[in-house]
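A.B. asks: Under full-length UniProt numbering, the first residue of the sequence shown is numbered 1, with each subsequent residue one higher.
It should be emphasised that the hints constitute simulated quantities derived from the structure, not laboratory data. Careful, some of the hints might be misleading.
As a list, the in silico SDA-like pairs of lysine to any residue whose alpha-carbon atoms are at most 25 Å apart [claimed, not checked]:
| # | residue 1 | residue 2 |
| --- | --- | --- |
| 1 | K101 | R22 |
| 2 | K87 | R117 |
| 3 | K87 | E132 |
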Amino acid sequence: MTRVLVVDDEPAIVRALQINLRARGYDVRTATGGAEALSVAASHRPEIVVLDLGLPDLDGTEVVAGLRGWTTVPILVLSGRSDSADKVEALDAGADDYVTKPFEMDELLARMRAMLRRAGRPEDEPPVVELEDATVDLAARRVVRDGSDVRLTPTEWHLLEVLVRHPGRLLTQARLLSEVWGPGYESAHGNLRLYVAQLRRKLERDPARPRHLLTEPGMGYRFEP
1 MTRVLVVDDE
11 PAIVRALQIN
21 LRARGYDVRT
31 ATGGAEALSV
41 AASHRPEIVV
51 LDLGLPDLDG
61 TEVVAGLRGW
71 TTVPILVLSG
81 RSDSADKVEA
91 LDAGADDYVT
101 KPFEMDELLA
111 RMRAMLRRAG
121 RPEDEPPVVE
131 LEDATVDLAA
141 RRVVRDGSDV
151 RLTPTEWHLL
161 EVLVRHPGRL
171 LTQARLLSEV
181 WGPGYESAHG
191 NLRLYVAQLR
201 RKLERDPARP
211 RHLLTEPGMG
221 YRFEP
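Put together the whole structure using the sequences plus the hints.
C.D. replies: Written out as structure tokens, the structure is:
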């Protein structure tokens, strides 16, 4: 059975989706808020997410970003917001498709089937990564060390996220600079050295002798769990 997570705070829509999806053999889980959605996704690993943008606690784009921190699961946004700017924002955050309310159930189901065909059934990285003294929660975008939150800048978090999502793999300096800073920064090696050093000070037991954030001289960096 294909696992589906439906995230919406409108009971009538949740009931309609549950009835129609279960009648077609889907295993349906539901959430009415963004924080609950991230928790359910981490524990039950859905194969597709149907997500409303207007949630009571988090904006739907924040949920998309939280999911994209650790999973490539297809995300179908279902929302009453018809403005093109909202669609672009959701898609830029990592959503795969967008259906505007009110919607036809047959169209929604057809889009879900197409997304599942494209995605296959990939194995996702675990949402929580354990370091020697710290825990990196990719879904919640949170780092905890010795029981306290570690404050990271957006750039520090982006760099850390890219590294921990590729455990054991050498990532070149050019690739890291391109992914974290964007085009045009492929030769800004000083930026990369500075931010790796900052992450080591915040996360490594002995920053001078790092165990997790390793340098491959002249090549790049590697994250070792």
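A.B. asks: Are the hints correct? Go through all of them and say.
C.D. replies: Cross-check of the supplied hints:
no. : hint         : in the structure
1   : K101 <-> R22 : 21 Å, holds
2   : K87 <-> R117 : 23 Å, holds
3   : K87 <-> E132 : 40 Å, violated
Violated hints amount to a single one, hint 3; each of the other numbered hints is respected by the structure.
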